[in-house]
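Colleague: Protein chains in written order, with my numbering: chain S, 1 to 139; chain Y, 1 to 421.
Keep in mind the hints are simulated off the structure, nothing from the lab.
One or more hints might be untrue.
Stated by the list, open to error - DSS-like, lysine-lysine: derived pairs with alpha carbons at most 30 Å apart:
hint : chain 1 : residue 1 : chain 2 : residue 2
1    : S       : K98       : Y       : K289
2    : Y       : K289      : S       : K107
3    : Y       : K289      : S       : K2
4    : S       : K18       : S       : K98
5    : S       : K38       : S       : K2
6    : S       : K38       : S       : K98
7    : S       : K28       : S       : K2
8    : Y       : K289      : S       : K38
9    : S       : K28       : Y       : K289
10   : S       : K2        : S       : K98
Note that the coordinates shown come from a computational prediction; the quantities given were computed from them, not determined experimentally.
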Amino acid sequence: MKVMLIMRATDEAVEAYKEMPFEEVIEKMGRFNEEMMKAGVLLAGDGLADDPANSFVVDFSGDEPLVTDGPYGETKELFNGFWILQVADREEAVQWAKRVPLGAGSKIEVRRVTDESDFPADNEWIEKEAGWREEQSAR
Amino acid sequence: MTTPETAGAVESAHRAVSAAWRVDAPRIVATLARYTGDFALAEDLAQDAFADALRQWPSEGIPHNPAAWLTTAAKRKAVDDWRRSERYADRLAQIGQELREDTGDDLPWDPDVIDDDVLRLVFIACHPVLGREAQVALTLRTVAGLETEQIARAFLTPTATVQQRIVRAKRALGDAGVAFETPSREEWGARLSTVLGVVYLIFTEAHTATDGDEVLRPELAREALRLGRMLTALLPREPSPWGLLALMELTAARFPARTGADGSPVPLEEQDRRLWDRSAILRGRAALKRVDDLGRGRGPYALQAAIAEQHAIATDVASTDWDVIVRCYDGLLALSGSPVVALNRAVAVSMRDDPETALALVDELAADRRLAHSHLLPTVRAELLSRLGRREEAAAEFDRAAERTQNARERAYFLARAARR
């Protein structure tokens with residue numbers, strides 16, 4: 001299965017990170033990324049910038065979508081990066097999530113990435129497809 | 001009596017041991033092989049440590065660093081073995097020192113040498129003194145970190161058979177005096193080809209199981225992809241692992257559309273391309289670009305990947321660039337001289353030019369004895385004849401293809417086509 005490791009940090013973790021030498025942070029993450037690559041599990045990943053000028057939140061609660069300054073939104077738990085891994089099962093995902101080099105105030109949320117089996121076979125698009133396939137084979 | 005709680009603890013410990021093994025098996029075995037200088041012994045020690053973990057983790061809890069625990073447990077077993085043998089004196093000073101230094105929290109291997117050790121492991125698991133089945137079993141066991149039962153399930157083989165294969169393979173390596181080392185420069189190319197061949201065999205076994213009823217066994221494909229990614233990470237400057245990875249990603253991208261709701265195969269031209277895995281296509285294309293960026297030309301895997309790429313980027317069969325595909329087949333044919341490649345090339349020619357031209361090419365291949373028992377020639381003839389409106393002849397060829405295939409679902413498909421005369 002595919003899982004997404006979602007990196008979340010509170011203000012506490014963001015402050016702690018500012019104290020750490022940048023080189024050290026980069027090296028630790030670099031090593032972790034390399035470890036996942038060498039194990040053949042890493043499919044994708046990126047960091048998200050904590051950049052107020054280019055971060056905002058769109059809220060759909062009202063009649064019109066409302067754009068407010070980000071990146072925090074209301075949770076105060078910053079989503080600041082992700083990895084997508086191909087793993088055998090939940091337990092392997094746990095092994096990798098526990099290895100992320102993070103400190104106090106940080107959390108890794110792990111979610112399974114959906115695939116075609118998550119969607120109902122009687123979906124309108126799937127039905128359309130079945131009809132099209134019959135047409136093809138009738139030719 | 002086993003209480004439900006302890007059964008739960010045993011179960012959760014087993015999952016933890018399996019996951020730790022899966023993640024770290026190659027590094028654990030490679031590290032042990034470096035210390036003992038003996039691959040077979042290292043594999044035995046690792047297996048024993050794995051069994052100890054299954055016994056101890058349910059009651060003692062899952063250790064903070066499972067890989068360090070397993071490695072240390074295996075090293076202690078090595079010392080116990082040596083204590084009973086003459087080699088004890090030679091080895092004790094070295095190993096004893098390492099065991100004392102082991103705090104259980106640090107990396108259980110040296111980060112500067114571990115990649116080379118894992119490569120040595122890959123090469124030894126795919127050593128030419130072993131048969132293909134042994135290479136596959138050993139690679140899945142020690143490099144991919146699968147348990148014997150998982151390998152047996154994936155290949156629909158009894159566990160005891162796989163176990164036997166691994167035991168015999170280790171003995172064969174010992175008998176041949178195979179050292180734990182990377183191949184020499186002269187051997188390098190051929191040995192790397194063997195490794196890639198083993199990985200590709202695992203992949204193709206997954207999507208064209210010849211003797212089973214299943215058309216697709218995705219778990220094997222995922223293992224092959226994982227091995228392919230490992231190899232590109234370990235050998236980033238070698239083009240051929242990137243070519244193999246590109247081919248596997250681009251092929252696997254089509255898996256969601258390859259079987260119908262009833263499990264029967266859906267041919268490429270009938271597949272719903274919206275179901276193709278776009279992120280796999282992107283990864284495959286990126287891998288193919290790495291081959292080209294390395295500037296040493298495209299090998300057989302990269303050429304096949306380039307063909308798969310043309311399908312992946314086309315919205316339908318009609319808008320596919322069949323000329324590029326025919327030229328890729330030209331390249332492949334020059335490399336391999338294989339009649340199967342020539343047959344596939346003929347299909348591409350039928351799409352670029354017309355079925356008649358292709359049928360002439362196929363008929364030239366009919367005399368090739370290498371195709372005499374394969375269902376491929378009648379399958380291709382049947383499709384071409386059917387497109388030419390020669391229905392009776394097409395039906396006869398579909399019947400012949402059905403007789404020759406070993407795969408039950410394929411047979412059903414051919415018989416259905418034959419009945420549509």
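Colleague: Taking each numbered hint in turn, which are not upheld by the structure, reported in ascending numerical order?
Modeller: The structure breaks hints 1, 2; every other hint is satisfied.
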